[in-house]
Structures are given as C-alpha cells and as structure tokens.
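Please construct the entire structure, taking both the sequences and the accompanying hints into account.
There are 4 protein chains.
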Amino acid sequence: MMQGAVVLTISCPDRTGLVAGVTSYLAVQGLFIDETHQFGDPETGRFFMRTVFHPSEGQWNDEAFAAGFAPIAQRFECTWDARPLARRPRAIVMVSKYDHCLVDLIYRVRTGGLPMNIAAVISNDTALKKLVEAEGIPFIHQPVDPACKADAEAVMFDALERERAEFVILARYMQILTPEACQRLAGRCINIHHSFLPGFRGANPYAQAHARGVKLIGATAHYVSEELDDGPIIEQLVERVDHAATVTDMIHLGEDLEALALARAVKAHIERRVFVNGSKTVVLR
Amino acid sequence: MMQGAVVLTISCPDRTGLVAGVTSYLAVQGLFIDETHQFGDPETGRFFMRTVFHPSEGQWNDEAFAAGFAPIAQRFECTWDARPLARRPRAIVMVSKYDHCLVDLIYRVRTGGLPMNIAAVISNDTALKKLVEAEGIPFIHQPVDPACKADAEAVMFDALERERAEFVILARYMQILTPEACQRLAGRCINIHHSFLPGFRGANPYAQAHARGVKLIGATAHYVSEELDDGPIIEQLVERVDHAATVTDMIHLGEDLEALALARAVKAHIERRVFVNGSKTVVLR
Amino acid sequence: MMQGAVVLTISCPDRTGLVAGVTSYLAVQGLFIDETHQFGDPETGRFFMRTVFHPSEGQWNDEAFAAGFAPIAQRFECTWDARPLARRPRAIVMVSKYDHCLVDLIYRVRTGGLPMNIAAVISNDTALKKLVEAEGIPFIHQPVDPACKADAEAVMFDALERERAEFVILARYMQILTPEACQRLAGRCINIHHSFLPGFRGANPYAQAHARGVKLIGATAHYVSEELDDGPIIEQLVERVDHAATVTDMIHLGEDLEALALARAVKAHIERRVFVNGSKTVVLR
Amino acid sequence: MMQGAVVLTISCPDRTGLVAGVTSYLAVQGLFIDETHQFGDPETGRFFMRTVFHPSEGQWNDEAFAAGFAPIAQRFECTWDARPLARRPRAIVMVSKYDHCLVDLIYRVRTGGLPMNIAAVISNDTALKKLVEAEGIPFIHQPVDPACKADAEAVMFDALERERAEFVILARYMQILTPEACQRLAGRCINIHHSFLPGFRGANPYAQAHARGVKLIGATAHYVSEELDDGPIIEQLVERVDHAATVTDMIHLGEDLEALALARAVKAHIERRVFVNGSKTVVLR
Numbered sequence: 015m016m017q018g019a020v021v022l023t024i025s026c027p028d029r030t031g032l033v034a035g036v037t038s039y040l041a042v043q044g045l046f047i048d049e050t051h052q053f054g055d056p057e058t059g060r061f062f063m064r065t066v067f068h069p070s071e072g073q074w075n076d077e078a079f080a081a082g083f084a085p086i087a088q089r090f091e092c093t094w095d096a097r098p099l100a101r102r103p104r105a106i107v108m109v110s111k112y113d114h115c116l117v118d119l120i121y122r123v124r125t126g127g128l129p130m131n132i133a134a135v136i137s138n139d140t141a142l143k144k145l146v147e148a149e150g151i152p153f154i155h156q157p158v159d160p161a162c163k164a165d166a167e168a169v170m171f172d173a174l175e176r177e178r179a180e181f182v183i184l185a186r187y188m189q190i191l192t193p194e195a196c197q198r199l200a201g202r203c204i205n206i207h208h209s210f211l212p213g214f215r216g217a218n219p220y221a222q223a224h225a226r227g228v229k230l231i232g233a234t235a236h237y238v239s240e241e242l243d244d245g246p247i248i249e250q251l252v253e254r255v256d257h258a259a260t261v262t263d264m265i266h267l268g269e270d271l272e273a274l275a276l277a278r279a280v281k282a283h284i285e286r287r288v289f290v291n292g293s294k295t296v297v298l299r
Numbered sequence: 015m016m017q018g019a020v021v022l023t024i025s026c027p028d029r030t031g032l033v034a035g036v037t038s039y040l041a042v043q044g045l046f047i048d049e050t051h052q053f054g055d056p057e058t059g060r061f062f063m064r065t066v067f068h069p070s071e072g073q074w075n076d077e078a079f080a081a082g083f084a085p086i087a088q089r090f091e092c093t094w095d096a097r098p099l100a101r102r103p104r105a106i107v108m109v110s111k112y113d114h115c116l117v118d119l120i121y122r123v124r125t126g127g128l129p130m131n132i133a134a135v136i137s138n139d140t141a142l143k144k145l146v147e148a149e150g151i152p153f154i155h156q157p158v159d160p161a162c163k164a165d166a167e168a169v170m171f172d173a174l175e176r177e178r179a180e181f182v183i184l185a186r187y188m189q190i191l192t193p194e195a196c197q198r199l200a201g202r203c204i205n206i207h208h209s210f211l212p213g214f215r216g217a218n219p220y221a222q223a224h225a226r227g228v229k230l231i232g233a234t235a236h237y238v239s240e241e242l243d244d245g246p247i248i249e250q251l252v253e254r255v256d257h258a259a260t261v262t263d264m265i266h267l268g269e270d271l272e273a274l275a276l277a278r279a280v281k282a283h284i285e286r287r288v289f290v291n292g293s294k295t296v297v298l299r
Numbered sequence: 015m016m017q018g019a020v021v022l023t024i025s026c027p028d029r030t031g032l033v034a035g036v037t038s039y040l041a042v043q044g045l046f047i048d049e050t051h052q053f054g055d056p057e058t059g060r061f062f063m064r065t066v067f068h069p070s071e072g073q074w075n076d077e078a079f080a081a082g083f084a085p086i087a088q089r090f091e092c093t094w095d096a097r098p099l100a101r102r103p104r105a106i107v108m109v110s111k112y113d114h115c116l117v118d119l120i121y122r123v124r125t126g127g128l129p130m131n132i133a134a135v136i137s138n139d140t141a142l143k144k145l146v147e148a149e150g151i152p153f154i155h156q157p158v159d160p161a162c163k164a165d166a167e168a169v170m171f172d173a174l175e176r177e178r179a180e181f182v183i184l185a186r187y188m189q190i191l192t193p194e195a196c197q198r199l200a201g202r203c204i205n206i207h208h209s210f211l212p213g214f215r216g217a218n219p220y221a222q223a224h225a226r227g228v229k230l231i232g233a234t235a236h237y238v239s240e241e242l243d244d245g246p247i248i249e250q251l252v253e254r255v256d257h258a259a260t261v262t263d264m265i266h267l268g269e270d271l272e273a274l275a276l277a278r279a280v281k282a283h284i285e286r287r288v289f290v291n292g293s294k295t296v297v298l299r
Numbered sequence: 015m016m017q018g019a020v021v022l023t024i025s026c027p028d029r030t031g032l033v034a035g036v037t038s039y040l041a042v043q044g045l046f047i048d049e050t051h052q053f054g055d056p057e058t059g060r061f062f063m064r065t066v067f068h069p070s071e072g073q074w075n076d077e078a079f080a081a082g083f084a085p086i087a088q089r090f091e092c093t094w095d096a097r098p099l100a101r102r103p104r105a106i107v108m109v110s111k112y113d114h115c116l117v118d119l120i121y122r123v124r125t126g127g128l129p130m131n132i133a134a135v136i137s138n139d140t141a142l143k144k145l146v147e148a149e150g151i152p153f154i155h156q157p158v159d160p161a162c163k164a165d166a167e168a169v170m171f172d173a174l175e176r177e178r179a180e181f182v183i184l185a186r187y188m189q190i191l192t193p194e195a196c197q198r199l200a201g202r203c204i205n206i207h208h209s210f211l212p213g214f215r216g217a218n219p220y221a222q223a224h225a226r227g228v229k230l231i232g233a234t235a236h237y238v239s240e241e242l243d244d245g246p247i248i249e250q251l252v253e254r255v256d257h258a259a260t261v262t263d264m265i266h267l268g269e270d271l272e273a274l275a276l277a278r279a280v281k282a283h284i285e286r287r288v289f290v291n292g293s294k295t296v297v298l299r
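Chains as they are written, first to last, in our numbering: chain A, 15 to 299; chain B, 15 to 299; chain C, 15 to 299; chain D, 15 to 299.
No lab work stands behind these hints, which were simulated from the structure alone.
Mixed in with the good hints there might be a few duds.
The list cannot tell twin chains apart, which means a pair is met if one copy fits it or any two copies do.
List of simulated lysine-lysine pairs, DSBU-like, C-alpha gap at most 30 Å [said to hold, decoys possible]:
#1 K163 <-> K143
#2 K144 <-> K111
#3 K144 <-> K163
#4 K281 <-> K144
#5 K111 <-> K163
#6 K281 <-> K111
#7 K111 <-> K143
This is the structure:
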C-alpha cells in the first residue's frame with residue numbers, strides 16, 4: 015500500500031453509472047486509484063464499494079474532499095467515508111478471564127499487524143489487569159450485575175466517547191450485552207464466538223461439539239446483534255479434531271482459531287473492508 | 015498394504031490386558047502385525063481396536079480363526095470381526111435425481127479407489143436409470159408413497175438380503191427413512207448431508223447457509239439414526255465462500271464437498287476403521 | 015449472474031483515470047455494471063480489470079461495442095476483450111492414459127459446472143478412446159515420436175483451428191510440448207502438475223514427495239511455458255498425508271486434488287478471471 | 015490424559031510378536047494401556063511404537079521399570095524410553111531478532127499448551143533480551159562470528175548440559191549451525207523454516223514465493239540435519255495468498271503459520287510422538 019493512501023467506502027442503492035460517477039470524480043481530482051472492489055447485491059438492491067486511492071504529496075484534506083464529494087454522494091444517496099489508511103482507529107476491548115485473544119491482539123497492535131490503537135480494556139474481572147497495565151493500556155474494572163447491566167454498559171459508552179474510540183472488540187467477554195447496547199453498537203462491535211456458527215450457539219460450545227462428535231471445530235467472528243450469536247458473520251475458521259480429542263483438547267486447539275479469526279475480522283474491519291448488508295456482511299478484498 | 019492382509023476389529027469394555035491378550039494370540043499364531051490402533055473412551059468405558067495383520071501364504075481360514083479366537087473374545091466380552099481386506103464388501107446405493115455422489119462412487123469403485131462392489135442402485139426416480147445400467151449395475155425403481163414408506167423400504171431390505179450386501183449408502187437420497195429402517199440399519203447406512211452439521215439440518219441447507227451469511231459451507235457424512243441429520247458423524251469437509259456466492263454457486267461448490275466427504279466416509283467404513291460409540295464415531299487411522 | 019451478462023477484460027499500463035474512463039463509457043451506453051475488479055501491479059506497472067455488465071435485452075452487438083470502445087482502448091493502450099458470458103468457449107483436451115482429470119472435466123461440462131465445450135480429445139495413447147467417444151466427443155489418436163514432436167503438435171494446432179477452439183487443457187498429458195508450441199499457446203494452455211510447485215518438478219512427483227517425507231501433498235494448475243513446470247500458476251491445492259501414506263496412497267489422494275485444481279483453474283480461465291502478468295497470474299475474483 | 019500417565023516409546027527392527035511382547039509385559043505388571051499406536055515401515059524394516067499407560071497410584075519408578083523391561087528390550091533390539099508425561103522436558107531456544115515464534119512459545123509454555131520449560135534463550139542479537147528477561151528466563155547473548163561458529167555453539171552445548179535441557183528450538187534463528195552441531199543434535203533440534211519445503215529453501219523464502227507467484231505460502235518445522243533445510247519434516251502448514259499479496263503481506267501472514275507449525279511440532283516432540291526414520295519422521299497420533 016502506498017504511503018498516504020486514502021480509503022473511500024460507499025454504500026447506497028445500486029444503479030447504472032455509480033462506479034463511473036465515483037471514479038470520474040476521483041479522476042478529475044487527479045487521484046490515482048490503487049484498487050477498487052465493489053459488490054451489488056441483487057437481493058437487497060444495495061451497492062457496496064471500497065476504493066483505495068492516493069493523492070499527490072501533502073494534498074489530502076478531509077473537509078475539502080467532503081465538500082467536493084457531496085454532490086456525488088447526494089446524487090447516489092450514498093453513505094460514505096473517506097480517510098487516510100495511516101489514521102489508526104481506536105478500539106475498546108472487553109474481556110473477562112481468558113487472555114488468549116487479548117494477548118494476540120496486543121501483540122499484533124504492537125508489531126503493526128493490526129494498525130489500530132487499544133484505547134482501553136474493560137473487564138468484569140481483575141484477572142487480566144496486570145497484563146494490560148504492563149502494556150501501558152488503561153484497564154477499567156467494571157463488575158456486571160445482571161440486574162443492572164445498563165450501568166456497566168454506561169461505563170463502556172463513556173469510555174468510547176472519552177477515548178474517541180470507534181469500535182468495540184469482545185475478546186472472549188463472558189457477558190451478554192443488552193439489546194439497547196447492541197443496537198447502539200451495530201456494525202462496530204466485533205465478538206468472537208468459539209464455535210462454527212450457527213452450530214453450538216450459547217454456552218460451552220466445545221462441550222457441545224464434543225458431545226455431538228463433530229470432526230471439525232470452529233470459531234466465528236461477527237458483529238453483535240440483539241439476537242445472541244446471530245449477528246452478521248465476518249470470518250470463520252475450522253480445525254480438524256478426532257474422537258480422541260477431549261473437551262480440554264478442543265479448548266486449547268480452539269484458542270488458536272479464536273485468536274486468528276478475531277484478528278482477521280478486526281483487520282478487515284479497520285481496513286474498512288466490511289459492510290453490513292442486512293443480517294450478513296460483504297467483505298471486499 | 016500387504017497382499018493377503020486381514021483386518022481384525024474389536025469393540026468391548028475397556029480393561030487391563032486387552033491389547034496384550036489379543037496381540038499375544040496373534041503372535042502365537044505366527045501372524046505378523048502391520049498396524050494396530052486402539053482407543054479407549056474414558057466416558058463410555060468402551061475399547062475399540064483395529065489390527066491389520068498378515069498370515070503366511072494360503073494360511074487364512076475364517077472358521078479356524080474364529081474357533082481359535084473364541085476364548086479371547088469370550089474372556090474380554092468382545093464384539094469382533096476378522097476378514098481379508100481383499101474381500102470386497104457389497105453395498106446398495108439409494109439415490110433420487112442428483113447424480114454427483116453416485117457418479118463419484120461409481121468412478122472410485124471402477125478404479126479401485128473404493129474396494130467394494132455396488133450390488134444395486136435403488137431410486138424413487140428414474141432420472142439415473144440409464145447412467146446406472148450403462149455401468150452394468152442393476153437399477154431398481156421404487157417410488158416412495160409417504161403413506162406407506164415401509165413398503166418401499168421392504169424392497170431395500172429384500173435387495174440387501176438377495177444381493178448379500180452389507181451396507182447402504184444414501185447418495186443424496188431425498189427421502190427420510192422410517193425409524194424402524196434406521197434401527198435395522200444402525201451402523202451400516204451412510205448418509206451425506208449437504209451442510210456442516212449440526213448447522214442447517216433439514217431441507218435446503220445451502221439456502222439456509224446463504225440466508226445466514228456463513229463464510230464456510232460444509233458437508234457431513236454420518237450413519238443414519240432415528241433423529242434426522244443427527245446420527246454419528248464419520249467425516250466433515252468445508253470450503254470457503256464469500257458474500258458474492260449465490261445459492262447456486264454454493265450448490266455447485268458443495269457437490270465437490272459432498273462427493274468427497276461421502277467417498278472418504280465409505281472408504282473408512284469398508285476399511286473397517288469406523289466404530290459406533292454411542293451417538294458418535296471412533297475412526298481409527 | 016444475470017442472463018445476458020457481458021464480461022469485459024482489460025490489460026494496459028496503469029495510470030490515473032483508467033477506471034473512470036472505462037466505467038464512464040459503460041455508463042453513457044446505459045450498461046449496468048454487475049461487478050468490477052481491478053488490480054494494478056506496482057512492480058510491473060500493469061493494470062488489469064474485469065467488469066461484468068449487462069446490456070438491455072437484445073442490445074448486445076460485438077461490432078458495435080468494439081467500434082464504440084476503440085477510442086477508449088486506444089487512449090489507454092489497452093489489450094481488451096468483451097464477450098457474453100453465455101458464449102461457451104471451446105477447448106482441446108490432451109491426455110495420455112490417466113482418466114481422472116478427463117472424467118472430471120467431462121462431468122462438469124455436462125452438468126454446467128464448467129460452461130464450455132470440449133471440441134476434441136487428443137491422445138498419444140488409445141486407452142481413453144472408448145470413454146471419450148461414448149460422450150460423443152471426437153477422439154484423435156496421435157502417437158508422439160520424440161524425434162519429431164512438431165508433427166504431433168501440428169495435429170493439435172490443426173484441431174484448434176478446425177474446431178475453432180480457443181484453448182488447450184493438458185489433463186495429465188504425459189508429453190512435454192516443444193518450446194515453439196509453448197510460445198504459440200502462451201496464456202491459453204493449462205497444465206495440471208501433480209505437486210505443490212515449485213517443489214517436485216519433473217517426473218514422479220509423488221515418489222519424490224514420499225521420499226522427502228512431506229506432510230502435505232499438492233497439485234498445481236498453471237499455464238505452460240517453455241521452462242518445464244515453471245509457467246504462471248493459476249491454482250494450487252494441498253492435502254494432508256502422514257508417514258503411513260505409501261506412494262500409491264498419495265497417487266489416489268492426489269487424483270482428487272489434481273482434478274479439482276484443474277477444474278478451478280479452467281473455470282477461472284473461461285470466466286476470464288485470469289491474466290498473465292509476466293511469469294505470474296492475476297486472478298480477479 | 016490420566017494424571018500419572020507414562021509414555022513408552024520404542025524403535026527397533028520390525029518382527030512378529032513385538033506388540034504382543036511389549037503389551038504382555040505391561041499387562042503382567044498391571045499397567046493399564048490408555049493408547050497405543052505403532053507403525054512398521056516396510057521400506058526401512060523399522061518398527062515404531064508409542065504407548066501411554068498408567069500405573070496404580072504412586073507406583074512408578076524409573077529404575078524398576080528399566081530393570082524389568084531390559085529383557086524385552088534386549089530380545090527385540092529396542093531403543094526405548096519411558097517417562098511420566100507430567101515430567102516437563104527442558105529446552106534451549108535460539109533466536110535472532112524476530113520475536114513472533116518466541117512470544118508464541120512463551121505464551122504456550124505459560125498457559126500449559128506446551129508442557130515444557132524454557133531453560134534459557136540464546137541469541138546472536140540483543141533485540142529480544144528485555145522480552146525474555148521480563149519472563150524470568152535466562153537470556154544469553156552470544157554473537158556468532160562466521161569464522162569460528164564452533165565457539166558460539168560451544169556456549170549452546172554448555173547451556174544444554176548445565177541446564178539439563180534435552181532439546182533445542184531454533185525459533186527463527188538466523189544462523190546456520192555447523193555440520194558437527196547438527197550431528198550432535200540429531201533428532202533433538204527443531205527448526206522452523208518459513209516456506210513449504212522443499213520449495214524455497216535458503217534465504218528470503220517469502221521473496222522467492224512472491225517472485226514465483228504461488229497461490230499458497232507455507233511453513234515447515236523439521237529436525238535440523240547437515241544439509242540446510244533438508245532435515246526430517248515434522249509439521250507443515252499452508253495459507254492461501256493471491257496476486258495482490260506483497261512480500262510484506264506474506265511475511266505477516268507467514269508469521270502465524272510459522273508460530274503454529276513450530277508449536278505443533280514442539281508439542282508432538284515433547285509428547286514423544288515423533289520418531290526419526292532415516293531422512294523422514296514418523297509422527298504417531
């Protein structure tokens with residue numbers, strides 16, 4: 015990717031002339047297109063487009079682009095966003111006791127594999143406090159009382175705002191968000207579920223998988239929705255197991271799948287490749 | 015595999031001295047062990063063992079082995095079977111209209127990839143009659159009246175007996191067997207379901223997969239049981255799909271998975287690697 | 015894919031305004047874009063684009079489009095092609111004795127999985143004559159004398175022209191083409207090699223794989239080039255093996271990989287997704 | 015796995031009565047077999063066996079078992095080893111600048127995924143000193159002068175002896191060991207090479223892979239041998255890439271493969287599943 019590249023994402027009703035309208039504007043502005051991918055869903059009639067272009071040195075200006083692009087966006091009824099790829103988004107990570115996904119995320123952020131910042135980690139447990147603070151990341155301990163979950167969630171929403179964070183990662187967070195929180199976080203809250211959905215929703219999926227005798231176990235990264243483990247799927251991975259695998263073996267093997275599926279989903283999200291399309295996603299490569 | 019190799023399979027309650035008891039008997043008889051695999055399930059307390067050995071030239075005799083092995087079998091309360099690997103088992107294949115699994119099975123039987131014989135093909139449709147008869151395989155057209163399925167199934171059981179066939183393959187057979195038939199065929203009737211079970215049981219799994227927006231589709235080969243799509247799983251395969259895949263794309267892609275998963279399950283079955291262990295299987299490699 | 019869809023492919027030097035120039039022309043003509051994918055290679059400076067669009071009913075005309083598109087093509091120095099997806103290309107398939115890839119191709123052509131026609135099968139052996147003719151496909155037996163390979167190749171080139179075939183598939187053809195033939199067929203002759211290239215080039219790759227003790231075997235579909243097993247790779251697949259796998263086991267397992275890798279490469283080729291980019295390919299999804 | 019389980023591994027010339035001889039001894043001693051796997055290689059005539067059994071509580075004694083088993087071992091000319099699975103082996107890890115494999119190993123050791131201890135980390139660089147010492151692991155900085163590698167290797171052999179470490183892990187160690195060191199470490203020094211061997215041996219395999227245009231990249235964990243990147247392979251993994259993947263993308267993607275392939279090879283090694291069989295391995299599951 016060129017230094018200074020900008021990513022433009024568009025979602026709108028599909029119609030003739032869309033790609034031409036958008037790319038012609040870029041051409042007129044002298045913006046060189048590195049890559050463009052688009053998808054028109056014949057079922058929903060929605061059009062999704064991701065374009066990476068680069069301006070001449072020093073040329074990029076959010077307001078100037080927005081002003082110039084406004085007529086195009088209005089003409090095609092677009093929801094759109096344009097931002098330099100180098101601008102790292104900020105995330106709040108929610109965890110409980112398990113550290114494998116968190117450790118993996120932190121490593122990838124540190125080494126550049128995930129170009130983002132972890133603004134804070136919030137947990138209903140203190141088990142991971144030391145690990146998080148050793149990385150210089152603020153750790154917020156917020157117990158969750160089932161009777162008043164909204165109070166705990168208020169802490170998360172406060173942190174999102176205060177830290178100017180854009181999205182939330184549930185890195186094996188063992189609490190279910192309220193429907194209200196799910197709605198407010200639609201399309202910007204990524205959960206990792208430790209099964210190959212829609213198989214084994216809910217609690218203890220590896221125990222369920224072991225009881226059913228499946229020959230492959232999986233992990234699913236998805237945006238949360240009001241319905242538990244039913245949100246738009248971003249990424250899924252599987253691994254082979256056999257009759258000798260105990261629940262504990264599956265848990266260990268699954269940790270690798272969970273961390274990797276979550277990391278890939280987060281990477282696609284921050285590279286702005288993922289679009290919510292009803293109850294599904296479009297992931298443009 | 016040595017020419018003349020014999021496969022011995024054992025299932026019994028687990029206890030100390032089992033492997034020694036069995037292998038000592040083989041050693042005393044001068045039978046050279048090519049491979050042995052065993053598994054003791056700590057949950058069910060059952061022990062499963064598969065041994066391939068070869069006798070000296072011309073030495074094998076079913077009755078002689080059975081007589082000699084009887085005391086061992088009795089001592090350990092074994093269900094057991096011993097047979098030359100070269101003795102090809104016979105199968106009845108049930109189909110409806112789709113031919114991809116059947117064509118694949120026939121090809122593998124012809125080229126030796128599946129060392130078995132197809133004794134007959136039974137179908138509730140005539141679509142595949144010509145294809146089957148061109149291979150010199152008897153084709154039995156048996157329509158299925160939902161009101162009296164047992165009559166149609168009687169034809170299948172008659173064919174099994176008449177053809178001295180040992181097992182049944184449901185190669186995308188679009189009918190549900192009666193509970194009675196499932197019971198009679200326990201552990202010897204392999205079905206291919208076109209999803210990654212337990213996800214998308216029942217009808218039109220690819221349409222279900224498309225609606226859910228999964229990123230991997232799958233196929234599952236399993237022994238039939240009274241509960242639909244819930245029998246012991248033998249093999250599962252998956253393939254990656256993306257948002258652009260239509261139901262038709264998934265169906266085409268899935269055909270490869272179905273044929274391959276079924277072929278591998280059948281191969282494991284006829285090589286006598288598969289043991290039913292409650293609602294699950296043990297597959298000894 | 016819409017009935018009546020047309021696929022436009024473009025290859026040219028990369029520059030600003032390309033996507034806009036092409037899509038604007040389509041928009042002005044009232045052509046609705048179904049999908050567009052492009053790739054600009056920063057190393058070679060080449061730009062590759064594949065667009066699927068559909069005209070209004072009855073509107074498509076090769077000559078009219080060519081005339082209208084000529085100025086665009088000239089301006090951007092494009093190599094280009096536009097054709098209805100429903101227009102099935104014709105292929106010559108070359109084989110020797112092994113039938114698994116050929117049987118697979120024929121099945122996919124018959125069932126629509128591969129929207130193409132097999133114009134003729136040419137072989138240096140007669141082993142597959144009966145199989146081919148039973149499908150109503152012309153079979154040409156052309157022995158290959160190492161001393162005068164060009165004569166045998168002349169038969170292939172004659173068949174290509176006579177049958178108006180566009181490309182050649184080497185479906186486990188056990189002969190090496192002359193450098194001259196490779197050059198003439200550049201980018202339109204797909205070979206399947208039974209290893210994961212660049213490992214195990216040349217003869218008996220499964221024996222090589224067995225001797226080396228690899229834990230995965232593979233198959234590679236590629237365009238032929240003058241250098242043996244070194245042409246631009248289109249598709250690769252692998253499968254797990256273990257220490258117990260004999261060369262024969264690998265050959266059997268590999269047949270599935272070879273047939274599938276070849277089928278996927280041929281499908282991508284006839285859907286016009288594959289572009290030769292120096293010694294590599296660009297495969298636009 | 016039962017608490018207190020013992021793993022017995024045997025390697026010897028294959029012959030009739032071997033499995034019986036060994037398992038009968040265990041039976042007579044009242045040792046309950048959890049699992050047994052064996053493999054006889056018809057090419058080398060070697061037999062390999064891995065048995066996990068558990069003694070009655072408190073019963074295990076190395077010397078007593080050795081004394082009792084000696085006649086069996088002598089009779090069958092066995093190389094053998096028996097040890098409690100709970101006895102964690104100690105390893106020396108060699109690194110240079112890259113930390114992804116080391117970080118992964120440390121995490122798995124800490125969480126129990128790899129039941130072993132890292133006795134020390136030796137590096138020709140100081141880049142990872144802080145990371146290692148923060149874990150409480152001794153870090154030895156030993157620069158390598160190409161003219162006298164043996165001196166640096168002496169430090170490694172000293173550390174092995176002093177720390178009573180059994181094996182060595184080259185976790186992306188960027189130095190080539192001398193032939194003498196490779197010989198002394200035969201079967202107990204695991205290297206991770208960042209390609210799918212035998213493709214892309216030597217330096218910069220991702221750059222080689224990018225230049226060749228492969229569609230899958232890989233990683234190979236193997237025992238080192240005198241011939242570079244040619245030792246017995248333990249584990250291999252691959253991941254899909256496309257034309258758009260840069261060398262940097264491949265390096266990032268490859269890090270996951272390398273860490274996972276190495277971790278699986280080390281796990282198999284410390285569970286004593288891996289046997290060297292000439293230039294190959296037998297890995298008993």
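Going through the hints against the structure:
| no. | hint | verdict |
| --- | --- | --- |
| 1 | K163 <-> K143 | within (21 Å within a copy, 44 Å between copies) |
| 2 | K144 <-> K111 | both (12 Å within a copy, 26 Å between copies) |
| 3 | K144 <-> K163 | within (25 Å within a copy, 41 Å between copies) |
| 4 | K281 <-> K144 | both (26 Å within a copy, 28 Å between copies) |
| 5 | K111 <-> K163 | within (18 Å within a copy, 46 Å between copies) |
| 6 | K281 <-> K111 | both (23 Å within a copy, 25 Å between copies) |
| 7 | K111 <-> K143 | both (10 Å within a copy, 29 Å between copies) |
Checked against the numbered hints above, the structure violates none of them.
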